[in-house]
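Participant: Each chain, written out:
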Amino acid sequence: MPSTLKNGLQLLALVAAIATVMILPKVMEMFDLMQLTLFASMGVLALSLGFIWGFGGILCFGQTAFFGLGAYAYAITAINTGDSTSAIGLAILVPALFSAALGYFVFYGRISDVYLGVITLTVTLILFNLVNSTAGDEYTIGTARLGGFNGIPSVPTFNMPFDPSTILDIDQAWYVTAGALILVYVLLRIILASPFGRVVVAVKENEVRASLLGYDPRLIKLCAFVIGGAVAGLGGALYVNWGAFVGPTIFSLSLSAEIIIWITVGGLGTLLGPVIGCFIIQYIVAQIGSQQAFNSNLVLGAILIAFVLLLPQGLVPTFSNLLTKAGRFVGDRSRRSAAEPTRLDASPVGAE
Amino acid sequence: MELAVILALDVVSGAASLLLLCLGLAIIFGMMRIINLAHGEFVMLGAYATVISTNAGVNIWFAMLVISPVFVGLVGLVIERCLIQFLYGRLVDTMLATWGLSLLIIGIVTTIFGNTINGVPTPLGGFAIGAYRSSYYTLFLALMALVVMALIYVVMRYTRFGLIARATMQNPQMAAALGIAPARVYMATFAIGAGLTGLAGGLLAPISGIVPTMGSAYVAKAFISVVGGGAAILSGTASAAGLFGTINQLGAYFTTPVYGEVILFLSAILLIRLLPTGISGRFYKGSL
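Going down the list, the protein sequences come from chains L and A.
Sequential numbering from 54 applies to the first sequence in the working numbering.
Sequential numbering from 4 applies to the second sequence in the working numbering.
Everything labelled a hint here was simulated from the structure, so no lab data went into it.
Check each hint, because a few of them may be wrong.
What the hints assert, rightly or not - Reference excerpt, derived from the structure (chain A facing chain L, CB under 8 Å, subset only):
1) Ile167
2) Val230
3) Tyr256
4) Ile272
Computed from a predicted structure; not experimentally measured.
Ideal Cβ positions, reconstructed from N, Cα and C, are used throughout, including at glycine.
Whenever a hint applies, use it, and build me the whole structure from the sequences.
Facilitator: Rendered as structure tokens:
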């Protein structure tokens with residue numbers, strides 16, 4: 054597909070997405086809209102791991118660590134200041150700093166991918182245990198009580214920037230959350246199209262070759278990891294804004310597992326896939342949660358195993374491969390030229 | 004003095020239970036290079052097997068030492084045939100699939116038994132050292148850790164099966180060329196690893212909370228110890244389990260159990276940063 058056509062299609066999809074976001078509050082029930090707001094905040098989390106895993110090759114099993122840190126940073130700041138503007142900033146900054154510190158240890162220790170998964174997993178567990186044990190009154194930051202396993206209730210939700218008296222209503226919260234999702238998507242696309250993004254993918258494809266070309270894989274990976282941490286933190290702030298509550302279960306293994314499942318189902322190596330996977334799986338989980346016959350873990354586990362064994366590429370790459378094949382078939386028929394060159398100029402950054 | 008003895012007993016039991024937890028994983032992950040994130044669920048299944056058979060009237064020792072390992076070993080056999088055998092060599096996929104497996108097992112156990120189940124009492128009773136009390140069971144755990152380790156050593160070092168298993172793990176093609184069926188060796192080794200993990204679950208059942216999600220408390224600890232131990236499955240794992248168990252218990256004693264775990268994980272991350280190939284990569288190179 055010529056790149057101008059591809060860019061045009063992407064722009065068209067973007068406009069369509071923005072239009073959908075604008076129209077939805079007019080046509081949807083409030084409950085459904087709130088569900089979608091929740092899914093959109095989770096979608097930001099999905100994008101963060103979709104970026105570092107799919108394009109950076111960094112399999113982080115504990116992406117919830119950054120998500121949860123962002124959520125807690127937002128909650129604590131918002132309670133202390135009453136203004137959500139600086140809280141959102143801190144929700145991005147704190148996980149970014151934390152991921153920088155963790156990433157330094159991991160990447161500069163040249164710890165291989167597999168161990169990285171184990172280490173990030175343990176970090177999430179540590180945070181879970183730590184936050185869980187902060188139930189006493191002595192664990193307060195400013196005026197915010199951490200509350201241990203009870204979490205922090207009645208967190209101030211988003212207000213107009215620098216104007217704490219104007220709280221966003223449900224429609225506006227949807228605009229902010231869905232808008233953030235689209236914004237993050239576009240930003241990550243831009244990053245991936247930039248020289249830095251190309252190097253990130255190059256390091257993922259072949260670390261030795263990239264370092265022979267003069268790039269420092271450790272630094273590149275660290276930067277990608279920090280971007281992922283910051284995005285996940287933003288997702289955490291959006292998540293708290295949805296429920297006005299944050300508890301230690303945000304660090305739980307089951308959520309970490311779900312992110313992995315979103316991406317495996319949606320498609321690794323794409324940005325659209327994780328978001329689609331997230332919406333599908335979260336919808337299924339919500340549906341299972343409303344009945345008692347079987348446990349949601351059972352279904353999630355079965356889905357994950359089935360995808361790893363049967364459709365390891367995930368939905369989006371599978372569909373786009375089918376579409377490309379169909380398109381090539383049609384193109385061949387119309388032009389009658391069998392010798393279509395293989396797409397040497399195709400971007401290595403995955404199907405769209 | 005009495006306090007020191009009690010503290011030493013604590014450290015011994017901490018290291019012993021960590022070692023028991025790790026040995027099965029050391030075989031499955033350390034030898035076979037399969038990242039089994041369902042390890043914690045194997046422990047959980049072992050504990051459930053002991054609890055359920057004890058509550059059904061089976062002698063607790065028989066339940067712990069025979070039923071649990073055999074049951075979980077069989078489960079491991081089935082899992083290897085149905086899932087793992089398609090994933091050899093695909094490290095990341097084993098990680099994803101076994102995570103799915105772990106959720107699946109948690110889901111099944113929750114669906115069948117609900118979220119809670121009656122535990123079993125700790126057998127053997129206790130003894131007093133001055134003003135402090137301890138239980139004979141901790142000593143038994145330490146003894147079992149030594150016995151299992153010796154067993155693995157003897158099997159791997161001196162039996163024909165151990166030789167074949169080690170050869171197959173090192174070079175499956177060469178082993179196949181010499182007339183060994185690698186698929187069967189993999190199957191048996193995985194089942195043995197699972198069975199050892201089940202044994203650990205059974206032995207830990209009397210001293211831990213029995214819930215379907217209990218596995219997640221163990222899986223990270225076990226992995227970090229095996230990773231910290233490095234390539235040598237016995238000497239590496241034993242030294243890492245001894246080190247981390249000691250750090251964990253001392254940390255827990257001087258602060259709180261939660262901070263004890265934090266200290267354990269932080270020191271483990273530090274260790275891996277300093278010794279990327281693990282303890283055995285540096286000190287026990289080439290040993291079993």
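Participant: Give a verdict on every hint.
Facilitator: Right, here's what the structure says about each hint:
| no. | hint | verdict |
| --- | --- | --- |
| 1 | Ile167 | violated (26 Å) |
| 2 | Val230 | holds (6 Å) |
| 3 | Tyr256 | violated (16 Å) |
| 4 | Ile272 | holds (6 Å) |
Consistency note: the structure conflicts with the earlier hints numbered 1 and 3.
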